[in-house]
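Peer 1: Single-letter residue listing:
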Amino acid sequence: MAMLEVNGIEVYYGMIQALKGVTFQVDKGEIIALIGANGAGKTTTLHTITGLLTPKKGTVTFEGKDITHTPAHKIVSMGIAHVPEGRRVFADLSVYQNLRMGAYTRKDKNEIEQTLEIIYERFPRLKERKNQRAGTLSGGEQQMLAMGRALMSRPRLIVMDEPSMGLSPIFVNEIFDIIAEISRAGTTVLLVEQNAKKALNIANRAYVLETGKIVLSGDAKDLLNDDAIKKAYLGE
Amino acid sequence: MSFLSYLINGISLGSVYAIIALGYTMVYGIAKMLNFAHGDIIMIGAYIVFTCVSTAGMHPALAVLLAVIGCTVLGVLIERVAYRPLRSAASPLAVLITAIGMSYLLQNLALLIFGANTKNFPEIITLPSLSLADGQLNITGTSLLTIGVCVVIMAALMIFIRKTKAGQAMLAVSEDKGAAQLMGINVNGTIALTFAIGSALAAIAGVLLCSAYPSLTPYTGSMPGIRAFVAAVFGGIGSVPGALIGGILLGVIEILGRAYISSQLADAIVFGVLIVVLLVKPTGILGKNIQEKV
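Chains as they are written, first to last, in our numbering: chain A, 165 to 400; chain B, 2 to 295.
Each hint can be trusted.
Some chain A residues judged to face chain B by a derived CB distance under 10 Å, without partners named:
1. G215
2. P248
3. A255
DSSO-like mimics (lysine-lysine), calculated; alpha carbons at most 27 Å apart, straight line:
4. K238(A) <-> K166(B)
5. K273(A) <-> K178(B)
6. K273(A) <-> K164(B)
7. K229(A) <-> K377(A)
8. K178(B) <-> K238(A)
These aren't lab readings, by the way, just hints derived from the structure by calculation. Remember, predicted model here, so these are calculated numbers, not experimental data. Beta carbons are placed, not taken as given, at the ideal position from N, Cα and C, and that holds for glycine.
Take the sequences, apply the hints, and build the full model.
Peer 2: Written as structure tokens, this is what we have:
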């Protein structure tokens, strides 16, 4: 059984249809990439999964439970964390406070402290800057914070929206290394990226979205060598 | 000596403004809306105490408790019925205009129920006055209590925001509603809680205000509400310490203005000061720079 099943979701913004029946699935342990151009519906898809949007038609199922109409604030405790586009760290709060906010739904203080230590180990920069205001971090550090914050809820599935956007090439590589590491540590990853090449390089499988529909899917390695993909998304 | 006593009166009135301003500033910080009906909650709270004590003959403490509960329920109800459905409206003006309408609705309801006659608010604070400097400086018990209550409320609120989960949720929601939801925070619940706290404080402010100025009409809350709004903007809207500083300064300016310049011009002076402050520092004394997202 798939961990996450998205089945024929149709999402509207007012009169405008953003998703025209998107279907895909994520299996436990995979890294799945969702690629596509601006406005294809990638972010809309993620927002529908984590409850920020509700589809007019279709269903979202996570670990066998129908979460189509579950509100966003209840999704986290079910095991899905969302790293939003543009990082959305709490700029006025410290790095530490941001991370604690990620564990908002968790109760056990000792376990939260343990997770915090694991996050600090994975992101030593965040530990160095734990008392600094998040708004003063660089873009790459904010991205790490957003990821660390999401991991604080100990998700089984982490969805990431454009984690490499607006980062310097060095940080882009680092962020993708971290994503691979998160996956190795046992968290399933659903990744939305405009940097199709990088995304396909670390993903197991990928889906290509075009104007609200999945137009292509397959093994990431195959898609990397697909002529149409090369032309449209890899700039070759 | 008279200067000192004016100053203390000003601080006391300012404490009431500060308590009211908290309601404005917290709701603005968290729901990003101006609740212009907030001043009228004060009036409702005062009428509840008036009815309980003068008509039903209850113990004042019980009456105040009932007023706090009544206003809390009213505030949450108003948010749920009138403001929440408009939260995703295309224009933020929709909820602002609704708030103004809600203000008139409350005033007219009070007019309908209690009539237009000025009611004499019962004397429920019976603390003795404090006499200093051989009786030259007299501080009323009401003034002392008002200042004390303001200090306690401020301290309690800051501890609440810092130390509790609900307080942390408020911080998160005030910065970014969407991201807060992704942390598992119930944004609607947090906003409702903010209205509950603000309205409970409004009830307390109503009691303190009417104890100092004991004439109660359906419009009693209106002007203090607007002055407290000015105080909130003055201190930096969205900031809890800003509400305290803005409130106290406004109270002191108002009383000193009345005493030394002109009692007719007191409001003109208050609003004049606001204009000057906003010209020099548009975000208010403790306000943050608002960065528009591109």
